[in-house]
Amino acid sequence: MTTIQILVSGVLIGGVYALLAVGITLVLGVMKIVNFAQGELLMVGMYLTLLLHTVLGLHPYVAFPIVVVALFGLGAGIHFGLLRWVVDRGHTQQIVLTLGIGIVLQSAALMIFGGSFQSLQIEPFRGGSIVIGSISIGTTRLAAFVVAGIATIALLFLLDRTLTGKAMRATAMDRDAATLMGIPVQRVYLITMGIGSALAGAAGVMLMPIYPVYPTVGVNILLIGFVVVVLGGLGSVAGAFLGGIIIGVVEALAGFWLGAAMSQIVVFALFIVILLVRPQGILKGDTV
Amino acid sequence: MSKSHFKPVLALALMGTLALTACASTAGDSTSEAEAPITIGVLLPLTGPLSTLGKEMQNGYEVARTLFNEAGGVDGRQIEFQVSDAPTPEDAVSVAGTLSTDPDVTAIMGSYSSSIAIPASAVASRNQMPYWETGSVAAATTDRGLSHLYRTVISAAMPAYSNATQEFISKVAAPALESSPDELRFGLVFEDGAYGTSASDQFKALAGTEGYNLVATESYAANTNDLTSVIERLKAAKIDVLYSVPNINDAILLTQQSAALGFKPAYTLGNGTGYTSVDFIAAVGDTADGLVVADAAPLNISDSLLSADLSPTYSEFITAYEEQIGRKPLTHATLGYVGATVLFQEVLSKAETLDADGIVAAAEAVDLGPGETVASFGVKFDETGQNERAGWFFMQYQEGELVTIYPTALASGQ
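Top line first, the protein sequences correspond to chains S and U. Under our numbering, the first residue of the first sequence carries the number 1, and numbering increases by one thereafter. Under our numbering, the first residue of the second sequence carries the number 1, and numbering increases by one thereafter.
What the hints contain is simulated information worked out from the structure, not anything from laboratory work. From the three backbone atoms N, C-alpha and C, an ideal C-beta is built for every residue, glycine too. Where hints are given, some of them may not hold.
Sample of chain U residues at the chain S side, in silico, Cβ under 10 Å [as the list claims (entries may be wrong)]: (1) N225; (2) T319; (3) A320.
The following residues of chain S were derived to be distant from chain U, with all beta-carbon distances above 12 Å [as the list claims (entries may be wrong)]: (4) L56; (5) H59; (6) Y61; (7) G77; (8) I95; (9) V131; (10) R141; (11) I150; (12) L158; (13) R175; (14) A177; (15) S263; (16) L270; (17) V273; (18) L275.
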């Protein structure tokens with residue numbers, strides 16, 4: 001029974017990892033940019049949720065659309081003001097720029113909110129859980145998992161069925177050919193970065209009732225996010241979702257069987273094994 | 001980068017340098033030696049994950065400084081702080097280097113966290129700069145026998161620390177569970193940094209000598225975002241008493257996830273830090289009620305329990321703190337206040353000279369008895385610089401407030 005509980009908890013936390021990783025993988029797949037600021041965008045999403053709650057009294061799940069739209073705007077703004085100048089440049093410029101954006105966002109959060117750990121507590125979600133038999137499912141974690149699932153499906157639908165999605169996939173496949181076909185590549189990038197950022201915002205909203213926010217909260221989660229992206233297959237949206245769940249479960253099971261101190265070793269050992277044995281990831285990065 | 005890009009960068013750098021030079025020259029103006037302020041380098045983590053309690057300790061320093069300066073300072077000379085942020089051990093090394101080679105700095109005071117204190121004090125001692133530690137509890141801080149280090153707060157290696165825990169368990173916790181310590185099943189959970197490891201090592205040693213039945217020992221990284229596996233392992237071990245040593249965010253996570261997963265040991269004994277921060281209280285609210293927390297200073301005591309000669313008194317400290325900060329002090333503010341006040345009143349005021357040798361001599365002469373600080377413990381440094389009179393106290397969350405319950409002489413609530 002305990003193993004099932006661990007499995008359930010692992011799958012649920014995996015949902016949060018997936019939500020962050022899907023954003024990273026989308027930007028990576030379409031724009032070929034590794035966005036090191038994704039963790040900080042998540043942090044912005046968390047603070048925005050907190051602010052909307054403390055100032056306007058909005059429940060985080062009510063604030064969800066506001067945060068997602070705001071983060072879409074922020075992401076699009078970052079692309080318009082900064083990223084578009086380095087899309088054609090080498091990876092070094094891109095890495096330095098996204099790292100820099102991350103540091104600026106971190107420092108801004110520190111200046112505005114200070115370095116303390118701020119939590120948001122809303123009944124009935126605080127410590128709330130659905131108990132089935134002896135399995136307890138945290139309501140906030142379940143909500144995060146459901147949102148991750150819906151977001152992934154919606155994104156896959158967008159990529160597969162809409163004209164925008166087709167343009168995104170075409171740009172991902174061959175940027176020059178896409179330009180020749182009359183696809184407004186820069187606008188596609190703008191939308192991609194906006195969606196990637198909105199996904200970080202969504203992850204932020206869902207994480208806020210679970211975990212306290214502080215300016216460097218994104219750093220640790222981002223590291224797991226990268227492992228998930230590599231595991232799932234660079235650029236694969238469905239892979240990122242699957243990878244998130246796998247990492248969540250592996251971390252939880254390793255933590256239970258071997259002790260929490262060992263769980264990180266197992267996760268990163270898995271990361272190294274994937275890089276050696278299957279560098280393309282579980283699902284090859286062809287979804288985007 | 002082309003050459004033309006360098007010009008504005010160079011110009012900016014030049015302007016910056018000029019501005020700094022200007023600041024430096026105003027700082028060293030012509031006030032005579034007798035009236036010149038005394039500068040204390042404050043080294044604390046003020047940003048990053050340790051900042052919550054770093055700031056709390058800084059609040060204590062500031063209140064101590066205000067009260068001391070209002071009372072006339074050191075023969076009319078005011079105390080000034082040169083505050084430096086050291087969020088990580090690496091920063092601690094560089095900040096300690098800068099402060100200890102600054103001719104204006106008389107002593108360094110810090111640093112709340114053991115992970116900051118250990119590297120920073122090593123650098124300061126190498127540069128023969130007095131280092132006044134008010135917050136770190138890890139044994140390693142003073143165990144290294146550094147020449148210029150003094151610690152006002154308890155060390156986890158002190159017998160008083162283990163004895164207090166042992167006495168509390170046998171006289172308060174076990175009777176409350178209508179049992180005896182050797183019949184109870186103990187669990188230990190800790191964050192695997194310098195602080196958690198040191199405090200848990202002491203508990204393991206205590207469990208060994210006292211014959212506690214320690215059935216589960218779990219550690220984890222403090223920056224974790226899920227503690228389900230840890231909690232499930234503790235749950236499976238069927239423990240009666242949980243001894244827990246977390247930092248702040250993991251204290252919140254542990255408390256919330258334990259509630260969500262239905263893990264409620266009969267008795268939870270928390271070790272300081274994570275459980276005595278404003279953030280913790282704000283995050284968990286009344287979920288914490290009943291939780292017992294051990295820390296290095298008692299809270300919510302009264303003047304009558306302390307020496308009548310103590311000045312400022314406990315209530316004057318509380319009033320000044322509330323006026324300046326806007327709420328009551330917690331443990332780390334109290335420890336910061338005590339440490340700073342002892343430095344100002346007993347060392348700087350009594351030192352014959354304010355160089356390193358003078359301060360060391362004055363520190364070695366400090367002799368405060370029980371009740372002569374607002375944290376109730378006395379101060380006398382042993383040969384390693386450790387305050388051998390520091391104490392360890394037990395408090396309980398009652399309606400969202402920490403009330404001292406042990407030692408019974410200080411107990412304002414039960």
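Original post:
Out of the numbered hints, which ones does the structure contradict?
Top reply: 2, 3, 9, 10 and 15
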